[in-house]
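Going line by line, the protein sequences match chains A and B.
All residue numbers for the first sequence refer to numbering that gives the first Met the number 0, where the first residue is 0 and numbers rise by one.
All residue numbers for the second sequence refer to numbering that gives the first Met the number 0, where the first residue is 0 and numbers rise by one.
No lab work stands behind these hints: they were computed from the structure.
One thing to keep in mind: the hints can contain errors.
Cut-off 25 Å, straight-line C-alpha distance, at most; resulting in silico cross-link-like pairs (SDA-like, lysine to any residue) [to be verified]:
(1) B/Lys50 / A/Lys182
(2) B/Lys167 / B/His184
(3) B/Lys50 / A/Gly20
(4) A/Lys182 / A/Pro206
(5) A/Lys182 / A/Gln209
(6) B/Lys73 / A/Gln209
(7) B/Lys50 / A/Ile156
(8) A/Lys182 / A/Met106
(9) B/Lys50 / A/Gln28
(10) B/Lys79 / B/Ser21
(11) B/Lys50 / A/Pro206
(12) A/Lys155 / A/Pro183
(13) B/Lys114 / B/Ala65
(14) B/Lys73 / A/Thr37
(15) B/Lys50 / A/Ile27
(16) B/Lys79 / B/Cys89
(17) B/Lys50 / A/Lys155
(18) B/Lys50 / A/Leu100
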Amino acid sequence: MNGGPLLFVGLLATMAFSWTGFILAPQIQLGSMGQTNTVPIGDASPLTYPLAQSGEAHAGAEIYRANGCAACHTEMVCATNLGTDVFRGWGLRRSVAEDYLLQQPVMLGSQRIGPDLANFGRRADTNGIYLRLYDPRLITPKSVMPAYRFLFETHKIGLFPSRDAIVLPDQDAPTAGYEIIPKPQARALAAYLLNLRQDGYLFEAPPPPQPKTNAVSTNAVAAKPAK
Amino acid sequence: MNADDPKKIDPSGSEPVAESWSVPIWLILIFGLLFYWGQLFLAENAGGFSKDVYGPFHSDDDVANANPQDPEAKMRAEGKRVFDNTCVLCHQATGLGKEGTAPPLAGSEWVQAAKGDRIARIVLNGLTGTINVKGQDYNLTMLAWRDNYNDDQIAAVLTYIRSQWGNKGGPITPDVVKSARAESHPGPETSDELLKIPVQ
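Only chain B is shown next, with the shape it has when bound in the complex (with noise of 0.2 Å):
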């Protein structure tokens, strides 16, 4: 653009231009307040982004509880957490056992028993000498769970092995754990004094 055009709207004969200017410390401070009341409302309300919550569900957790519960699912897979933490180290996960010394919690009749008397007695009090599952001695002290684990969680460890490797034996509840516990036993159970337990 010459000098002499007629058409020249800028007298100075410069091309507008952008400014800089700082911007204002507050409105910083009200955009990040701003951001940060964001972040608390998804927080609160986004589900955690969860393609499976939907209002009025604020978490995953939420949902899964709203669903039709199986109690005894739930049960088995507390136990199965408790097996997985404790019992596995000598009984193994595949429920066998170890040759004479831990016996197979798989296809033992004390464990598939129509009453969890006897193995609840052996989970809370623990187990000496020689005890004769499907057929065969096995000998290895256990130890007493008593003061580790709860009735509830006893009962679902129970359930749990009850219910895995084929075994086919019912649902234990807490109370009869809760009245083995009632007993108390001096030191660990024997076979033999098991054996006077009915559980039929």
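In isolation and in its complexed conformation, chain A is listed as follows (with noise of 0.2 Å):
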């Protein structure tokens, strides 16, 4: 072979490309990005954004990662230019940089076999959170997601029943004298769940425009049928 050095330097300048596009001009870019405030809309006043999360939404994380949710939930809500998300409920806006500051690793996914959960703490409450991972079926009947069943369990009633325990549909409650509580995993999972929320408006994804306030309240008075 007599082509070594050239080859050699062709594989080389092919790395060193990709490596300058996919890491060094992103870190250029986006390297110094920092907590920032939000724009607020009228007269409230701006938040940090985005706040650290608790231990145990980050504990949640890592189980959220071990049962592999990402392989069929993304957490990215793409822009009104490029597809239906922010009309379909899924975020207030699409998806910036920003909003995955503080988490590690950024679990994106990449597949939508079930909604996006970007903004999924916007929308769930703890017991229907439970419901969803001990039986999907129990509230989207066709769900094609597997029961995580496993991160629950069935404890023969006390002297009292537990606060903790899982509000199931009757047909679906366990035998009289027992209770169905969630895991620790669960626990820690639902609070991460429930800290999913990209809702503060930023400068790079800046609140829709508002209605003028005067527009509003004219029509609304000529709105009014006359008797």
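Hey, can you piece these two chains together into the complex? The hints should help.
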């Protein structure tokens, strides 16, 4: 083989080119990003964004990761010019880099077999999350999501029923005298899911234009039928 | 590898070598066109590689305009531009003017009057003769800026000087400047003439 050095230089150039594009350029562009302030609507005051998540939510991220949730769920809202995510209520705005500042690793996901979870914390409640984990068909009859029953345990009710027992519909309720309690992993996962919210408007993702207040009030008065 | 080796593949005894071929010109042209198209695409859609530009926006200005606007802040920014180009020579960046000649704008009762009719006329038509500001006389002929700046720009600079250096005066609308401009005035204003215009 007589082309060795040339081949080596070619390979090196290819690697250097992709390293520049995928690592160096994003680092120059976003490397200095830090917590920032939200763009408030109206007279509200700006808030720090994003906020660090609680320890339990952080543990829940590991449960989310270990169970491969990201295989079917994304955590990214598409821009309004690229998809219908915002119109179907998956978020107030598109996702931007700032949203993932404090996440390690970022579990964007790639396939949407299930719904996007970027703002799941905005539309979920704790018992609803437990029901979906215990048996997804309870809430969405045609769901293809696997049941994660190993995140729960069945207890015999002691002196008093537990406050943490999940509330199941009658046909799925456990045998009388027993109750179903979420394990710590399920609680951590629920804390993580409740923390998923990208609801701060930012400079790079500004709030949608607000209607002028006087125009609205004029319409409201005009719309009243005169008797 | 010696010639008697039974495992020898090439009967001629030489190793395979890479030959060199020149790249056909049409391939270079196609890649050139693709590269050009890629550059055009980036120029249109990369948002200047700014970290603040995400789709559907195209540039930093797009993003800034999509954010909630404070119209008065925009006016003050334009006013600062006009002030720094023109007024600053006599009235100074501190707004304190020059002793005995250019009167101060900072803390001036003329600048902070409830209505902007007097200062709008000063900027439009200029001023000659003595003017009393904060109990002190100043005498310097100020030029007329009627033909140099439009109503919006003069309103902006008035709004700017009324908000700077601790001054407390509200914004001046371009309408005030427009009506002052409509009364044509031969030559510069004088202090006595201006004092007849009500500003309360």
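How the hints compare with the structure:
1. A hinted pair counts as satisfied when its Cα atoms are at most 25 Å apart, and B/Lys50 with A/Lys182 does not qualify at roughly 42 Å.
2. With a CA separation close to 29 Å, the supplied pair B/Lys167 and B/His184 exceeds the 25 Å bound.
3. Proximity of B/Lys50 to A/Gly20 is assessed by CA-CA distance (about 15 Å); at most 25 Å being required, the pair is judged to hold.
4. Only pairs whose Cα atoms come within 25 Å are accepted, and A/Lys182 paired with A/Pro206 is rejected, the gap being roughly 39 Å.
5. Restraint check: the Cα-Cα separation between A/Lys182 and A/Gln209 comes to about 45 Å, which exceeds 25 Å; the hinted pair is violated.
6. For the given pair, B/Lys73 sits about 19 Å from A/Gln209 by alpha-carbon distance, which is consistent with the 25 Å threshold.
7. For the hint linking B/Lys50 to A/Ile156, the alpha-carbon distance of about 56 Å lies beyond 25 Å, and the restraint is violated.
8. The suggested pairing of A/Lys182 with A/Met106 holds, with an alpha-carbon distance near 23 Å, which does not exceed 25 Å.
9. Restraint check for B/Lys50 and A/Gln28: the C-alpha separation of about 6 Å stays at or below 25 Å, so the hint holds.
10. Straight-line distance between C-alpha atoms of B/Lys79 and B/Ser21 comes to about 62 Å, which puts the hinted pair past the 25 Å bound.
11. Between B/Lys50 and A/Pro206 the alpha-carbon distance is near 18 Å, which keeps this suggested pair within the 25 Å criterion.
12. Proximity of A/Lys155 to A/Pro183 is assessed by CA-CA distance (about 18 Å); at most 25 Å being required, the pair is judged to hold.
13. For the suggested pair B/Lys114 and B/Ala65, the alpha carbons sit about 32 Å apart, so the restraint of at most 25 Å is broken.
14. Restraint check for B/Lys73 and A/Thr37: the C-alpha separation of about 20 Å stays at or below 25 Å, so the hint holds.
15. Between B/Lys50 and A/Ile27 the CA atoms are separated by roughly 10 Å; this keeps the pair inside 25 Å, and the hint holds.
16. The suggested pairing of B/Lys79 with B/Cys89 holds, with an alpha-carbon distance near 15 Å, which does not exceed 25 Å.
17. Using a Cα cut-off of 25 Å, the hinted pair B/Lys50 and A/Lys155 is violated, with the two alpha carbons roughly 56 Å apart.
18. Taking the CA atoms of B/Lys50 and A/Leu100, the gap is about 13 Å. The hint holds against a cut of 25 Å.
The earlier numbered hints that this structure contradicts are 1, 2, 4, 5, 7, 10, 13 and 17.
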